[in-house]
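**Student:** Each protein sequence line maps, in turn, to chains B and V. In this text, residue positions in the first sequence follow this note's numbering: the first is 147, and each later residue adds one. In this text, residue positions in the second sequence follow this note's numbering: the first is 147, and each later residue adds one.
A couple of the hints might just be wrong.
All copies of an identical chain are treated as equivalent in the list; a pair is satisfied when it fits inside any one copy or across any two copies.
With a cut-off of at most 30 Å between alpha-carbon atoms, the simulated DSSO-like pairs for lysine-lysine come out as follows [as the list claims (entries may be wrong)]:
no.: 1; residue 1: 269; residue 2: 411
no.: 2; residue 1: 269; residue 2: 225
no.: 3; residue 1: 411; residue 2: 225
no.: 4; residue 1: 384; residue 2: 269
no.: 5; residue 1: 184; residue 2: 269
no.: 6; residue 1: 184; residue 2: 411
no.: 7; residue 1: 184; residue 2: 225
Source of the hints: derived by calculation from the structure; they are not laboratory data.
There are 2 protein chains.
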Amino acid sequence: MPHVLTEAVADVGGPSRSSGLGVDSGLVVPSIPYELHKRLLAAVERWGLSLERRLETTGVCSSQMALTLLGGPNRLTPKNVHQRPTVVLLCGPHIQGAQGVSCGRHLANHGVEVILFLPNFVKMQESVTGEVHLYTRTGNKQVASVKGRTHREYREQVDCEMSCQCTGEGHDDLWAGFRDLPTSPVDLVINCLDCHENPMLREQSWYQSAADWANQNRAPVLSIDPAIGGPHQTVEAKWTLSLGLPLPLAETESRVYLCDIGIPKLVFQEVGICYCSPFGCKFVIPLHTP
Amino acid sequence: MPHVLTEAVADVGGPSRSSGLGVDSGLVVPSIPYELHKRLLAAVERWGLSLERRLETTGVCSSQMALTLLGGPNRLTPKNVHQRPTVVLLCGPHIQGAQGVSCGRHLANHGVEVILFLPNFVKMQESVTGEVHLYTRTGNKQVASVKGRTHREYREQVDCEMSCQCTGEGHDDLWAGFRDLPTSPVDLVINCLDCHENPMLREQSWYQSAADWANQNRAPVLSIDPAIGGPHQTVEAKWTLSLGLPLPLAETESRVYLCDIGIPKLVFQEVGICYCSPFGCKFVIPLHTP
């Protein structure tokens, strides 16, 4: 049984660096294998903490972290609309992508200029399309390819969206939204391209062009719910935010943070994890290498 | 069309004091009538921001506010388990109560000793029973009456809960949980007794005994999503937290805060509110009387 927040390091995650990460209180949070993380989420879902709820919590807490990284109250006040920071969200067509879109909606609600990159698939998970549907109400931009779309593709998209109940505002933004991703450095890139279930996505062209764009842009990268570390990361993140408990991550320079997604203690226990919250009064905490 | 966050006060809420409350930036947030608030929530629900999602956001953000009121990092660290603050949550059997239970789960997850008061009704809204089901996994206490239950009533409850998928832990807590509400002052009382739709609840005995208990206990009170002010408030709150936009509240000494529940700008516009976010980088902000 892996122990969380005991004085001793309980190494359950293999040899990777985040198998035992400290928190400010000096205690230790070990990583857990992906299969156990999955059982944990399935267990809490049976108790009623649905994916929809977790998408919302992840969106709120990750956007709070991103708002701090952008400069917090120094950068974002209701009155400085002329100095809005720009964030590019890179999302894949999966739950990790949906988490990113939720984060993007909350950022846009707080005055950040968000550009959402999401590849265009004919059939996408409902969790993704639902998030995007709600995101469109922020009036912020969305692009489906790094290189931009043709005018005809754009018209088809807009005709489709016009059939929704829509007040009309925001369509000027939509026009602009189908241009390319910006070539000049943005304030922050949020990476939600990776999917835990399908590492082969990295081979696809939309993924590679988005990763190339991120590596060419000089913006710092925040990676939300990063996938288990392979031999090398496609997009190097300055910060990573793990959800609930960290997975064994790759050896990188990235600073690891942990997000409380609302799982009660007895659910951790149900899947065999002896858990004591490391969060104190916070919902996002930094983890340190020992 | 009521204007939010324009330089001029747009008085749409009648003569009550929160018809135009300032924020730190010097701008003005007017209150909106209950019917308009209801239309706003119905509109955003059509776009996918379900009640379940709002319950989670409200739970996260109100618990963040409560954690600050309890002393934040000075009071709550993973190591000071011997000085856990105690919070009593007073919840009615309605959406406002469900919001309180969600808040209680997040507080319990952060090391607060939570005692949930919720009257025992044969049939309750699914939103309430779902929240309580998840709350039980914190192992924190629940009482159904201020005076406590008989042993037989307790046994029936436990037999019912045992039929769930349950690890066994926490039942000692449950035993203790059916005692009375504490007679000595607790650290904070959170009031979610009132329902927007049914002001007559105040006449019922469970409501009155809970309100009497709160007024006798000397703890400060935080009221979440308070109902429109009548001639007098049953429980006097030191702080109130309004959701999205404030309703016209009663003339009290209470300090009013506003919570961002994730509604995008174009949804405000859809129901005729010209909205510009007053939140800056925060999810909970204080509103000031002009």
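**Student:** At most 30 Å between CA atoms: does that hold for residue 184 and residue 225 within a copy, between copies, both, or neither?
**Tutor:** Between copies only: 28 Å across, 43 Å inside.
**Student:** If the cut is 30 Å between Cα atoms, do residue 184 and residue 411 qualify within a copy, between copies, both or neither?
**Tutor:** within (16 Å within a copy, 35 Å between copies)
**Student:** Could you place residue 384 and residue 269 in one of the four classes (within, between, both, neither) given a Cα distance threshold of 30 Å?
**Tutor:** neither (32 Å within a copy, 51 Å between copies)
**Student:** Classify it for me, residue 411 with residue 225: is the Cα-Cα distance of at most 30 Å met within a copy, between copies, both or neither?
**Tutor:** between (42 Å within a copy, 16 Å between copies)
**Student:** How would you classify residue 269 and residue 225 at a CA-CA limit of 30 Å: within, between, both, or neither?
**Tutor:** Answer is neither; intra-copy 41 Å and inter-copy 48 Å both fail.
**Student:** Between copies, within a copy, both or neither: which fits residue 184 and residue 269 at Cα up to 30 Å?
**Tutor:** For residue 184 and residue 269, the Cα distance is within 30 Å only inside one copy (24 Å; across copies 34 Å).
**Student:** Up to 30 Å between alpha-carbons, please classify residue 269 paired with residue 411: within, between, both or neither.
**Tutor:** between (37 Å within a copy, 28 Å between copies)
The structure is inconsistent with the numbered hints 2 and 4, although it conforms to all the rest.
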